[in-house]
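Protein chains in written order, with my numbering: chain A, 1 to 341; chain B, 342 to 682; chain C, 683 to 1023; chain D, 1024 to 1364.
A portion of the hints provided could be inaccurate.
[Claimed, not checked] Below are the DSSO-like pairs computed for lysine-lysine, each with C-alpha atoms no more than 27 angstroms apart in a straight line:
# : chain 1 : residue 1 : chain 2 : residue 2
1 : B       : Lys480    : A       : Lys66
2 : A       : Lys139    : B       : Lys407
3 : D       : Lys1162   : C       : Lys748
4 : D       : Lys1089   : C       : Lys821
Just so you know, these hints were derived from the structure itself, not from any lab.
Computed from a predicted model, the values in this text were never measured in an experiment.
What follows is each chain in one-letter form.
Number of protein chains: 4
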Amino acid sequence: MESGATAEQIEHMAEAVRRLGLRASVIEGTERTVIAAIGEKRADMMESLASGPGVAAVMPIAAPYKLASREVRPDPSCVRVGEFAAGAGAVGVIAGPCSVESEEQIMSAARAVKAAGATALRGGAFKPRTSPYSFQGMKEEGLKLMAAAREETGLAVVTEVMGTDDVELVARYADVLQVGARNMQNYRLLEAVGGAGRPVLLKRGPSATMDEFLLAAEYILNEGNDQLMLCERGIRTFEGHTRFTLPLASISYLHRKTHLPVVIDPSHGTGHTYMVPDLAYAAIAAGADGLMVEVHPSPETALSDGYQSLDFAGFEAMMARCRRVAEAVDQELVGSTVPAS
Amino acid sequence: MESGATAEQIEHMAEAVRRLGLRASVIEGTERTVIAAIGEKRADMMESLASGPGVAAVMPIAAPYKLASREVRPDPSCVRVGEFAAGAGAVGVIAGPCSVESEEQIMSAARAVKAAGATALRGGAFKPRTSPYSFQGMKEEGLKLMAAAREETGLAVVTEVMGTDDVELVARYADVLQVGARNMQNYRLLEAVGGAGRPVLLKRGPSATMDEFLLAAEYILNEGNDQLMLCERGIRTFEGHTRFTLPLASISYLHRKTHLPVVIDPSHGTGHTYMVPDLAYAAIAAGADGLMVEVHPSPETALSDGYQSLDFAGFEAMMARCRRVAEAVDQELVGSTVPAS
Amino acid sequence: MESGATAEQIEHMAEAVRRLGLRASVIEGTERTVIAAIGEKRADMMESLASGPGVAAVMPIAAPYKLASREVRPDPSCVRVGEFAAGAGAVGVIAGPCSVESEEQIMSAARAVKAAGATALRGGAFKPRTSPYSFQGMKEEGLKLMAAAREETGLAVVTEVMGTDDVELVARYADVLQVGARNMQNYRLLEAVGGAGRPVLLKRGPSATMDEFLLAAEYILNEGNDQLMLCERGIRTFEGHTRFTLPLASISYLHRKTHLPVVIDPSHGTGHTYMVPDLAYAAIAAGADGLMVEVHPSPETALSDGYQSLDFAGFEAMMARCRRVAEAVDQELVGSTVPAS
Amino acid sequence: MESGATAEQIEHMAEAVRRLGLRASVIEGTERTVIAAIGEKRADMMESLASGPGVAAVMPIAAPYKLASREVRPDPSCVRVGEFAAGAGAVGVIAGPCSVESEEQIMSAARAVKAAGATALRGGAFKPRTSPYSFQGMKEEGLKLMAAAREETGLAVVTEVMGTDDVELVARYADVLQVGARNMQNYRLLEAVGGAGRPVLLKRGPSATMDEFLLAAEYILNEGNDQLMLCERGIRTFEGHTRFTLPLASISYLHRKTHLPVVIDPSHGTGHTYMVPDLAYAAIAAGADGLMVEVHPSPETALSDGYQSLDFAGFEAMMARCRRVAEAVDQELVGSTVPAS
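Can you build the whole structure from these sequences, using the hints too?
Printed below as a string of C-alpha cells:
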C-alpha cells in the first residue's frame, strides 16, 4: 500500500483479495503496510488489484510458468534427433547457411559442417524478411533440398516455420521446427508447432523478458510437446557496434529456472563474422547446451546474412577450439569425435 | 573501406558493385576510401557487399520503403470510417476496454466514450496474452457484442486480429483490423490483413526501429491497402517506473518520413492510469492524428489492463482538456462537438 | 525465500533480519514464504540479506530518498531567480546557445530569447565534450559575457559547472549552476554545488533510473540547498532516429513522487531542430515546469549542437504556440506577457 | 543530401565544406546526391554541417580517437604492475572485496585471492554510492590497509578515485587508479588520473557507446599516460533478471579497434554470485585480458555488494576452471602457477 493509505483503504483491499478466493495477511510496517495474498493466483488478479485505492504496487512472488520450471522437473532435459543432442551435458552444434539458395550451396554446406563436427543443419526455406522486397526463400523446393542433404549426411534438419498454414508442410521435411525471434509471441504459431509432433527451437524475441520467453515456451509445452530448446540470439539495446547485444548470463539464468536446453546463436547475436568464434567459445564456456551458427560456402555472395556467416575454413577452425573449451568445462561436443577428413 | 584497405581490395569491391548492376564511384579521402554505389539497390546487395575484403561498412542512403514514404505521396493521408477520422488535421479518438467482458460492460463503455467525444470503440475479442493461463478473450461472442455497440452508438469498431485464420471472421464484424505489437513482424498476418478490404491499425513492436516499423507497414500497403494507421504504443527500455517508454518524437519523425496517420496509445505507453491524461495531452500537442485509450466501467475489477484504464469520469475530463490542447495547436478533435449530455 | 527454502533457512534469515535491528514477520504462503523486515532500513542491509541461503529476492517497500519526496514536503516547490520561475504553476523557459562563442553571439541570442519570452539564458562556458579534441568552451571569458548579457536583459544566467575546482568561479557569475547528464553521479560535484549557495539544475543521466536520479538530487538537498530543479533530457535506448529518447512520462512520475520542479530539454532530448517545437508543446501539455532550449543566431555555423538548435524566428514561433498550449492546460508561461517587439 | 535537395542547396553545402578547409567531392546518385568531405575533420564541423539546408545526414568515415587506435599502435599493449599483467597474451585477475571494511577482512581476502592465483587486490576506500545515506568507505584508513595487504602478499593494489581532490592521496597508496563507471565522462577526473603517473583502469559507463568509451580513454592517453586498461562491466538494458547486461562482444570489438587491454567484471556485469563463474569462464574464452571479481570472506554480511560476491571457496574453484579455459584458448593466466596451499 502507499505510505499514506488509510485504514479504510487497507481493509478495502484486504477484502478485495479475499473476494478473489485468496487468503489475505496484513503486515503493518513502520513506513507502510503490506498485504500478502496467498493462494492460486492469476495474472489477471494482480492487474485488477493494482488499480485499487491506496495500492502502491502488486509484486508477484512465484514464477508465472510451470511446465518450463525446475520446480516441476528438477533435472535438465535433453533434446535428441539422430546424432544431434543438446542438454544434460551434451552440446549440439547446428550450422548451415541463412537461406537455402541452391542444391550445390546447401549440399556443400552440409558436407562441410558435418565434417567439422556439426550434428544438425540449419537453412531457411521460408524467410521472414524485414522488407517485402527482399528475397523470401525457396519455400518447398528449399525444404526438399535440405531433406536431400540429410539423406546424404545424416544431419538433423532445423528450419523456420513462419505461419500456421506452413506447419504441416515444414514438419513433413524438417526434424526440428524453428520459431523465429519475430514470432516469439505469435501465440497461434506457438500452439500450432506445439501440436506438430516435432522438436521445437524457440528463439528469444529481441526485447522479450525472461518471463515472457518462458511463458512463450509454456504455450508450446502446454500442447504436450516437451522436446523444446530455447535459443538466445541477442537483445536490442543502444549498442550500435553489434547487430544485437548477446547476453550470455541468459544461460546461467535459464539453467537455474528451467530444465530446457539453451542454444546460443552468436551469428545473429553479434552480426559480424569476426566476432562469431569468440562468442561461440564464450557460450560453451558459460555452459550452453548448443550453438546455432551461420556457415556459407561464399559469405560474400550470400543472398542474406553474408556479413555474419563463417566460411568453411573459419567454421572448421572454430569447431576445433570449441571442442577444447567444452572439455575445459566438462561438457561434451556431440559428434565432434568425427575426424575432419 | 577500412583505412588499411589495399588498392586491390578497393578495385575488387568496386567491381563487385558493378557486377550487381550498380554504378561505382570511388572517392579517395585522406584517411580512407569510399565507394559510392549508385542505382536501384536491394537490402540483399548491402548485406553481401558488407562481408567483402577490406570493407568497413555499407551505409544506406535512400529509405528502404516506398509506398509509405512522403517521396511517393507528399500529402498526408487520412483514414475515415463513419464519423471517425485520423490524419490531415483530424484527430480521432479510439476508446474502450482492453477486453470485451460482457454485454453490459461493452455497451456502457460504448455509450460513455461516445458521449465524451470518442468516434471509435476499442475492445479485444481475441486477446494475445503473455501467459497461456490468462483470460484469452470472448472470441466471436465478443465481436458480436462490439457490432451491437456500433449499431446503437455509431462508433467504428477497432479490434485485434491474432492469426491469419481469424482475419475473415474478424473482418466480418470489425471496421478496423488491429495488428498488435507482438505481431508487428508476423509477415503472414500483415499480408492477410493487407488483403482483407478493411482499414488497418498497425502497432509498433516494442523494439522495432522506425525502418522496421515502416517496412511492416509496407507489407500491408503492398497488398493494395492504403487505409493504414501507425500506432506508437511505447518501446522497451531500461525504465522500470513505466510499463514501456513512450517516445513522442515518433510523431515528428513519422510525419516527416511518411504520409500515414500516427495514433498514440498512452495506456500501454505508460501502464499507469494516472499518467494517461498527461501523455494524451502531450501526444495531441506534438501533432498526433489520433489517440487509443483504455476505458473501463470499473478498472478495479477489469479482467485485463485495469491498472492502466481510465474510468468514465476520468475519460470525460481528459477529453475536455484534449479539445483545448488540440485547438491550441490548430488541430481538430473530430466528434468532439457532440456535447456530453 | 525460494520456494524450496527449508525451515532452517527461513529461521536463519529471520534471525539475520533481527540482528540488523529490524522486526521480522514471517508469512507462509502456498508456494513460498515471505519475511517482512520492518524498521529503518539501509540499502546495505538489503544487499547483504540478498545473498543469504534460500533467499529468492529482497524487495524494497519504501522509497530510498527522503528530502526529495512528497512525503516530506507535500506541496510543489518553486525555484525563482529574478523574473524566472519554475514550479507550482509557473513555467519558465531557459534558452540560448549551446556554447558561448563570442560577445556578439551571446548578446544577440540574449536579446532574441528575451524578446520571445524566455526568462533565463543558457550558454556553456565550460563544455564537457565527448572528445578531448573538440572545442572546450571560452571558460571565464564566457562567464563574463553571460554576466554582461544578464546586465542588459535581466535574464537569469544558467550555466554548467564541470568540476569541483570550478564551482566557486562559476557561482561568482551564474545565477543557476547546471550539473550535466554525464556528471549526474559525480558525487563530489553534487556535494560541492549543494553547498555553493546557488539554485541548481540537475540533468538526468541517460541511463539513470528514477531512483538514481532522485538520490542524486538527495545529495544536493542533503547539503541544505532546496533550490533545485530536475531536468529530463532524454535516455539512451535502441532508437537511432533521435539522439536520445525523451520520456515525457517522467513529468507525471516526478510530480507524483517529488515536490521538485521538472524542466524538459527537447533539444538534447531529440537531437533534431525540426522535432524541438513539437516536443516543447508536448512537454508543456504534459505539465512540465520549465523548458531548456538551444537557440543560436546561426545554427549552421555553431561550434556545437547546431543540428539541434533553433534560430531566432523558429524560437519566437515556438514560444507563441507554447503560450497557447500552457493556457490550454491551466499553466502560466512566466515572462511570456512581454510582447515581442 | 535529402532526395529533394536543389542544385542551389547542394552547391551551398559543398561551399560550406570548402570554407571549413576540407575538399568537397560531389557524387550524384539516382535517388540523391552525396557530398564527400575530405581532410582533417573535427566533430564540431559535422555538427554544424548537419543543420544546413537540404542535408539529410552527416556520416563519419574515420574513427574519432587516435591514441587508443590500432591504426596508431598496431600491436596490443600490456599493463604490468609487479606480478600482475594484462594484455598481449597475459590474463591478470584482480580480486577482493567491494569495500575495505576492516583489517581482518582485507588481509584475509588478500591472502585468499593470492593463494587462488590472483595477482592484484581490489577494494574500495572511497565508495561512490547511489544514496548519500549508504556507507561511503573507510577513506585513507582503507588505503593504508590495502597498502599493508600489498606489503604482505605482493598483490598490486587497485582502487577507485572519485574526485580530482583525491587523486594525489590515492596515488600515494595505490598501484592502479580506477575510474568508476559513473565517472567515465567526468573529464576533469580523466585528465587528473591521466597525469598522476599511475596505471589506470577505466570502467565503461552503463550507457556509453564504444566511441564514447574510447574517447574517454583518449582523455587519459592524451595526458601522456599509456598504462591504461579498459573494463567492461555491463550496460543498462531492459533486462531485469541481471543487474546489468554484460556484452562480451566488447572484447572482440575493442581488440579490433584498440591496442588497450580489456578487463571484464562479471560481478557488476551480472549482479548475482551464482552467475559470476560462468561469465568469468566466458570472458576468458572470448579473449579477455583480465578479470575483476568481487570476493569477500563472508558475502552475507558484506557492507556492500554481498549479493554478487564470491566467498573464498567459490573463488578458488572458479580460478581452477579459469586456468583450464585459458589454456584451451592459448592464453596464460599470470600468477596462476602459484599452487593453492
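Hint check, failures only = No numbers; nothing is violated.
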